[in-house]
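Chemist: Below, each chain spelled out in residue letters.
Protein chains: 2
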Amino acid sequence: MESDSQDKSLNNRKVPLEMSPEEFRKVGHQLVDRIAEMFTSFPQRPVTSGESSKIIRQALGNNKLPKTGTSTDRIFEEATNLLFDHSLFNGHPRFWGYITSSASPIGVLGDLLASAVNPNVGASALSPMATEIEAQTIRWISELIGYPETGGGLLVSGGNMANLVGFLAGRTAKVNWNIREEGMNAANQKLRVYVSKATHTWIEKAADLFGLGTKAICWIETDINEQMDIEALKQQILSDQADGYLPIMVVGAAGTVSTGAIDPLPEIASICRQHDLWFHVDGAYGAPAAALPEASAQLRGLSEADSVALDPHKWLYSPLEAGCVLVKNPQTLLDTFSFHPEYYSFDGSKEDPSLNYYEFGFQNSRGFRALKVWLGLRQAGRDGYIKMIRDDIALSKALYHLVEAQPEIEALTQNLSITTFRYVPVDLSNDDSEAGKYINDLNQEILNKLQAGGELYISNAIIDDKYALRACIVNFRTTLSDIQALPEIVIRTGRSLDAEMRPNHLSN
Amino acid sequence: MESDSQDKSLNNRKVPLEMSPEEFRKVGHQLVDRIAEMFTSFPQRPVTSGESSKIIRQALGNNKLPKTGTSTDRIFEEATNLLFDHSLFNGHPRFWGYITSSASPIGVLGDLLASAVNPNVGASALSPMATEIEAQTIRWISELIGYPETGGGLLVSGGNMANLVGFLAGRTAKVNWNIREEGMNAANQKLRVYVSKATHTWIEKAADLFGLGTKAICWIETDINEQMDIEALKQQILSDQADGYLPIMVVGAAGTVSTGAIDPLPEIASICRQHDLWFHVDGAYGAPAAALPEASAQLRGLSEADSVALDPHKWLYSPLEAGCVLVKNPQTLLDTFSFHPEYYSFDGSKEDPSLNYYEFGFQNSRGFRALKVWLGLRQAGRDGYIKMIRDDIALSKALYHLVEAQPEIEALTQNLSITTFRYVPVDLSNDDSEAGKYINDLNQEILNKLQAGGELYISNAIIDDKYALRACIVNFRTTLSDIQALPEIVIRTGRSLDAEMRPNHLSN
Chain A
330 MESDSQDKSL NNRKVPLEMS PEEFRKVGHQ LVDRIAEMFT SFPQRPVTSG ESSKIIRQAL
390 GNNKLPKTGT STDRIFEEAT NLLFDHSLFN GHPRFWGYIT SSASPIGVLG DLLASAVNPN
450 VGASALSPMA TEIEAQTIRW ISELIGYPET GGGLLVSGGN MANLVGFLAG RTAKVNWNIR
510 EEGMNAANQK LRVYVSKATH TWIEKAADLF GLGTKAICWI ETDINEQMDI EALKQQILSD
570 QADGYLPIMV VGAAGTVSTG AIDPLPEIAS ICRQHDLWFH VDGAYGAPAA ALPEASAQLR
630 GLSEADSVAL DPHKWLYSPL EAGCVLVKNP QTLLDTFSFH PEYYSFDGSK EDPSLNYYEF
690 GFQNSRGFRA LKVWLGLRQA GRDGYIKMIR DDIALSKALY HLVEAQPEIE ALTQNLSITT
750 FRYVPVDLSN DDSEAGKYIN DLNQEILNKL QAGGELYISN AIIDDKYALR ACIVNFRTTL
810 SDIQALPEIV IRTGRSLDAE MRPNHLSN
Chain B
330 MESDSQDKSL NNRKVPLEMS PEEFRKVGHQ LVDRIAEMFT SFPQRPVTSG ESSKIIRQAL
390 GNNKLPKTGT STDRIFEEAT NLLFDHSLFN GHPRFWGYIT SSASPIGVLG DLLASAVNPN
450 VGASALSPMA TEIEAQTIRW ISELIGYPET GGGLLVSGGN MANLVGFLAG RTAKVNWNIR
510 EEGMNAANQK LRVYVSKATH TWIEKAADLF GLGTKAICWI ETDINEQMDI EALKQQILSD
570 QADGYLPIMV VGAAGTVSTG AIDPLPEIAS ICRQHDLWFH VDGAYGAPAA ALPEASAQLR
630 GLSEADSVAL DPHKWLYSPL EAGCVLVKNP QTLLDTFSFH PEYYSFDGSK EDPSLNYYEF
690 GFQNSRGFRA LKVWLGLRQA GRDGYIKMIR DDIALSKALY HLVEAQPEIE ALTQNLSITT
750 FRYVPVDLSN DDSEAGKYIN DLNQEILNKL QAGGELYISN AIIDDKYALR ACIVNFRTTL
810 SDIQALPEIV IRTGRSLDAE MRPNHLSN
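Chains A and B, in that order, give the protein sequences.
To get the working numbering, take the position in the first sequence, counting from 1, and add 329.
To get the working numbering, take the position in the second sequence, counting from 1, and add 329.
These aren't lab readings, by the way, just hints derived from the structure by calculation.
Hints are not guaranteed to be accurate.
Because identical chains cannot be distinguished in the list, a pair is counted as satisfied if it fits within a single copy or across any two copies.
The calculated DMTMM-like cross-link candidates involving lysine to aspartate or glutamate, where the alpha carbons are at most 20 angstroms apart (straight line), are [as the list claims (entries may be wrong)]:
1. Lys383 / Glu680
2. Lys679 / Glu511
3. Lys766 / Glu671
4. Lys726 / Glu739
5. Lys393 / Glu472
6. Lys716 / Asp333
Keep in mind that this is a model prediction, so the values were computed, not measured.
Given these sequences and hints, build the entire structure.
Modeler: Below is the structure:
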């Protein structure tokens, strides 16, 4: 009898996570409507509520794991309220902080579809169409930026992972012993990787986590434009070789994180060829700008790289997460990452071998992040992306000219779509080092106030020891009038804080 | 004049990626409806279309990057047709391959909401509410499986990354020099990590990528139940210490990938304490079963681990991607991963320090994968999860009894929700080694045929040199009648292939 009743309950499982088609449609439609409302409400909202973590935690409530369930319509009512009232919106026209773009609405719907089909894009057998769409996306991105379409690559979570994949491919390719089995300390040889001083912190993570240690990083000086000093690079490689080190790779930047500078990529490529070094380009932010007909030869030099990192969730306007690494020779990824466990049955036939992305990177199970990128490329096409990127750059240049025209704002740099500047009280000259320190403190406070205030959102950079304010426009919702609002906001905030802070900071 | 017209175009940007609210609602509602249809259509569909990659590529078309855009309704019409007609569906009631679960519908809608709000959950300032929801999700998962809620952790892309994070935390904690700066070959000491022979291939990736080399892995024998041999572990540690190696960590399995075996976790914990080793548990699949009141003491021993990997996209039924790593002491993750670049302004105040997930793992920019997990935990509650997991286990046990009752099927193992078995023609005894090899070949062909056929989807395991068929039920849509259909399908396929293959394979 007990077995009979168990049979019955296993045949008519009560599933607390299931939703009827009617419920799914109803809740789904409501959610779509609320999201459409949210998108249109951006101009009327602050960029961020700017609340302290304590306030946020109070709003969420410090609840224990619920013992029993809650209805889906009530959960979504609560979740949308919590998120719409207490978030920072990258999609806001006045969000220009760090480097996260406005997410394309089609990408948002793409994430819904990807999640519903739920293919595991680790193996072609588990995701037949999704795997081919990812492969097509990789070819299209290559085509867009002028990278060889005969290469390969894969989508990853973001810039860190894309750069780490490229780094590891270089490590495996250029080390002259069986590092996969023997590890780093099999040979008594110290590796060296060369990066400019403006390189993003992923390089430290890579050197640390992959066993080289951060001392293996040679930080090459940059010139006044934040570009790698090529003569210094050449000298450092020669002197390291003479000292018995093993140089393995140079990293070039296609858009540094602070100012958007582009290293002289063709010259770096030539040095890498000469010394048999891996050439990796960190184009997480800037690589899509190579799509522009007017792109510089320095940027186009990324086509010569062995590997390129590029984030679709930055300048291709995909929702998070979408990073991408491209490689000239896909075999280098297989050589770095492929294992063939006995419990997988994915190889396909000899005539029709399978493309299994689990062999090309860190992950085994992989979601379908390619879909949102592919949908965006189809919706806008090459011409559409060129237009959006070009407009972002034009807005950044317009911002530079606007702040340059203000006596109280010092314009500092403009590259790609990044503009940096700082507030300087009219009566203070930076020749005075005490004033210099005060101006840095003042700008840091201006940033804090602006970030919490929600009128606009920018971030910071350090440029020649100057604490700079930084706007990075990877935002198709930003218009010229948004940009034009910035000087007044910065000056108002700067004056008010200067009046507060100066009496306590400066003796004169 | 040119500048005036540029001003105008930058004030009224034509944005090829934008959608009007009406268009977003219309396309969004259609998509929700089609997804609801897809969910209900599973029982009438094959699990997979089983087509070759060549056919899939033809269906997709080998198009170049489009120069101009396409309308969103047409793109979604094409995308849904391509995906619904040429996918494998993990959400199908008869999908029992590898370890991917049916995705909860609420999780699917959660991915829509997460993508729309698009918070960057790398820093609290960029994702105030999302960061707190992730922290709450981590606490709830800990609570669910009996792991100390005073710990911490974060969500990652899946099991590989969760295990890699735990591994690195252990490496940093137990190495007795400054490995982050100096790298692996600063000290002339060879590290050792201990895992059972049944450990998933992530351990080879970890040892390889993080500079130890795969030779640093000590593969400890397993007993007849695929559990780590504790005496062998003890002996190996002692002999390695005597030989001058530096043992740093033991990995215990809470559900091996092949058979779902659980290592004697309390005994491993005790050995780790005794030798000051890091104790990592790979519970990517099995850890949620610790929520059951009837869970074994061996499984509950995961509460003693320094780090635990657990995939919500496995047995918490979240859509891909959702992995999770829990750690007893969150400081160990900061010690392993934190860098503080000068271009970030995220630290918060002294009174209210910020929780910034970029400091706890590989990624800087991070999506809001916590939302789908959190929504599922709210919808089902603890009781709901216990019921779903318990039913999956009951179905797996029912399958074992069903295949055991068949003269032509040899039942092999049953643990957690994994059942293994193989087809054996009634007239062939496995005592004969030639027959043994043939039975392996036959079962491999049975698997190929079943995987392409779409009636059900299982995978394989190798058990004592036997090629086994393997069903892993992490699927709330599976019912007893789905399970009851398996023996007939396996026997029919086995008989037909045996008739084809035997004449060419066996002399007698």
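Chemist: Output the indices of the hints that this structure fails to meet, ascending.
Modeler: 2
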